[in-house]
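**Student:** Here are the chains, one letter per residue:
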Amino acid sequence: MKAALDILRKLLRDPAAAAGLVIVLLLVAVAVLAPLIATHPEAVWDMNPRQRLLPPSEAYFFGTDRMGADIYSRILFGARITLTIAITAVGAALLIGVPIGLVSGWRQSWLGEALMRISDIFLAVPQIVLAIAISQTLGPSIENVILALSVTYWPWFTRLVHAEVHSLRNETFIEAAIALGVPAWRIILLHVLPNVTSPIIVRTSIGMGFTILTASALGFLGLGAPPPAPEWGRMISESREFLPEAWWYALAPGLAIFLVVMGFNLLGDGLRDVLDPRIRRASTGR
Amino acid sequence: MRIVALILKRLAWLVPTLAGLVAIVFFISRVIPSDPVALLAGETASLAQIELLRQKLGLDRPLIVQLLDYYRQLLSGDLGTSLFTTRPVWDDLSARLPATIELTIAAMIVAVALGIPLGVLAALYRNRFVDHFLRVFTVAGLAVASFWLALLLQLFFAMDLRWFPLQARITGFPPPSLSGFYVVDALLEGNVGRLGNVLAHLTLPALTLALPALATVVRFTRAGVLETLQRSFVMYQRAMGIPVGLIVWKYVLRNSLISTVTQIGLLFGILLAGTVVIETVFQWPGIGGYAFEAILHSDYAAVMGFTIYAGVVFGIVNLIVDIGHAVLDPRGAAA
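First to last, the protein sequences are chains A and B.
Here the first sequence stands for residues 1 to 286, where the numbers follow this note's numbering.
Here the second sequence stands for residues 1 to 335, where the numbers follow this note's numbering.
No lab work stands behind these hints, which were simulated from the structure alone.
Backbone N, C-alpha and C define an ideal beta-carbon position, used for all residues, glycine too.
Wrong hints could be hidden among the right ones.
Stated by the list, open to error - Some chain B residues judged to face chain A by a derived CB distance under 10 Å, without partners named:
no.	residue
1	A12
2	L14
3	Q55
4	G58
5	F268
6	L271
7	S298
Please model the entire structure based on the sequences and the hints provided.
**Tutor:** Now the structure itself:
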């Protein structure tokens with residue numbers, strides 16, 4: 001608990017990381033409170049042809065869309081979809097990727113080797129290529145997007161954990177534990193895992209941003225949640241036929257994606273600096 | 001000699017990796033119910049007709065047989081026939097390949113030509129305004145959704161200001177085809193008007209595609225230069241009174257670009273992934289847009305063709321990067 005507070009204090013000292021944390025907390029708050037803070041919660045799924053494509057005003061902060069729904073309210077509800085996809089997909093990727101990385105990094109074995117080769121296969125093409133193929137064959141739905149994203153993201157965790165465990169393996173304290181006859185599963189869970197949590201946390205934060213970006217691209221291509229759902233990527237793709245007149249239609253959802261992804265990336269960078277000062281600030285968007 | 005061994009070793013890995021990739025895509029694209037045969041046969045086809053067509057296409061056999069058959073077919077250089085365009089996938093892909101390569105190279109040039117100097121600048125003026133500004137820029141560049149950026153650029157520069165065309169690769173007739181790259185062909189033709197037309201069409205998609213790669217180059221170059229600047233040889237040179245500009249240009253850059261070169265493989269991945277979305281938005285007649293169309297039509301052969309193409313290109317680029325790395329930095333080549 002004290003360690004967590006200490007990390008938080010250091011994190012808040014870095015303005016960029018603090019901004020990232022605020023954005024992420026804001027996203028969670030918005031997703032939870034969407035029905036309360038939406039100005040037109042009833043109009044998110046309804047048709048109101050008379051209020052169609054209105055520009056931003058005091059009643060409709062970000063204007064209205066082709067159905068006459070309030071874009072501001074739709075974005076608030078869309079935060080729920082975004083957060084659900086990101087948390088579930090990255091969580092599943094964690095659950096698949098981390099154990100595989102632990103096992104394959106711990107000891108040279110045919111199983112570990114085979115699992116690493118499988119992860120290589122998934123990394124042989126950019127994530128979105130495979131994700132598109134999978135979510136298209138499964139049909140457009142939030143569940144399938146989550147499935148496609150977790151199936152294609154776990155290798156990133158596997159490689160990270162594998163490399164960390166591999167180098168930890170030669171540390172004196174691990175050798176000591178082995179010499180004392182501590183069972184392997186106990187060493188892995190109690191001594192190895194706690195030492196790889198920092199890079200995992202950093203990767204998780206950056207992975208959330210990356211996943212949101214990929215999920216919105218799938219939505220944009222028509223592979224995400226089916227039409228009435230206020231998915232941000234799909235909202236942008238819907239707006240295309242009403243450009244340039246209804247410019248606000250495309251603007252707000254894109255800003256929402258941008259802000260949220262930036263929040264997770266800034267938080268990830270900040271966490272990296274705090275948790276692991278050895279690693280220099282040189283990450284990529286992945 | 002060592003480099004030859006490295007190449008052979010990497011090539012030997014590439015084959016099973018690609019075979020695995022083919023298997024994964026093959027199974028996800030065939031196991032899933034959506035039935036391309038029914039789609040192809042049309043709505044009026046009877047069940048018997050559909051079954052006949054299925055047999056004709058060999059889609060009624062066990063999956064593993066189909067997969068082995070597909071491997072055999074691939075080894076003879078045949079990617080199959082697109083169910084939708086009814087042309088060989090290889091022909092479709094090669095007809096569209098130059099457009100994608102042209103776009104990717106243009107984006108790569110933007111990313112590297114702007115990214116390296118900006119990265120050096122950020123490192124030299126560490127924690128000053130330029131550095132902070134570039135940090136915000138790179139973080140933003142990696143957070144923006146490419147399709148949204150594409151729409152904003154279209155909205156502003158094509159629809160509003162009308163500086164650049166909205167979409168497509170050219171207006172009017174393409175230049176006489178020699179290389180397939182419109183920029184090169186227009187140059188060879190000596191037609192300045194056509195060259196301008198081509199470049200104008202290229203600008204917005206290339207900039208959109210380049211942004212995340214550019215941000216990545218800036219970050220890596222900055223980190224690389226900062227690390228090199230701390231090394232003792234730089235301190236020595238500084239102490240000897242050699243101008244900083246000269247040190248950076250002649251010595252630091254070479255040493256710090258190693259990490260940037262290693263990332264070119266990653267950049268290629270970013271660019272390759274970007275083409276699917278960006279070619280769709282800009283109606284760019286390349287491979288990424290083709291892949292998206294193929295997916296919409298459940299066109300297995302074409303989807304597989306694209307995925308294999310992506311795997312091969314990605315694999316070869318990474319191989320070249322490894323070789324380049326070994327040449328630039330012989331210290332770490334043993335691995």
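**Student:** Next, verify each hint and record whether it holds.
**Tutor:** Outcome of the hint check:
1. A12: violated, 12 Å
2. L14: holds, 9 Å
3. Q55: violated, 22 Å
4. G58: Because about 19 Å separates G58/B from the closest Cβ in chain A, which is outside the 10 Å limit, the hint is violated.
5. F268: holds, 9 Å
6. L271: holds, 9 Å
7. S298: Because about 8 Å separates S298/B from the closest Cβ in chain A, which is inside the 10 Å limit, the hint holds.
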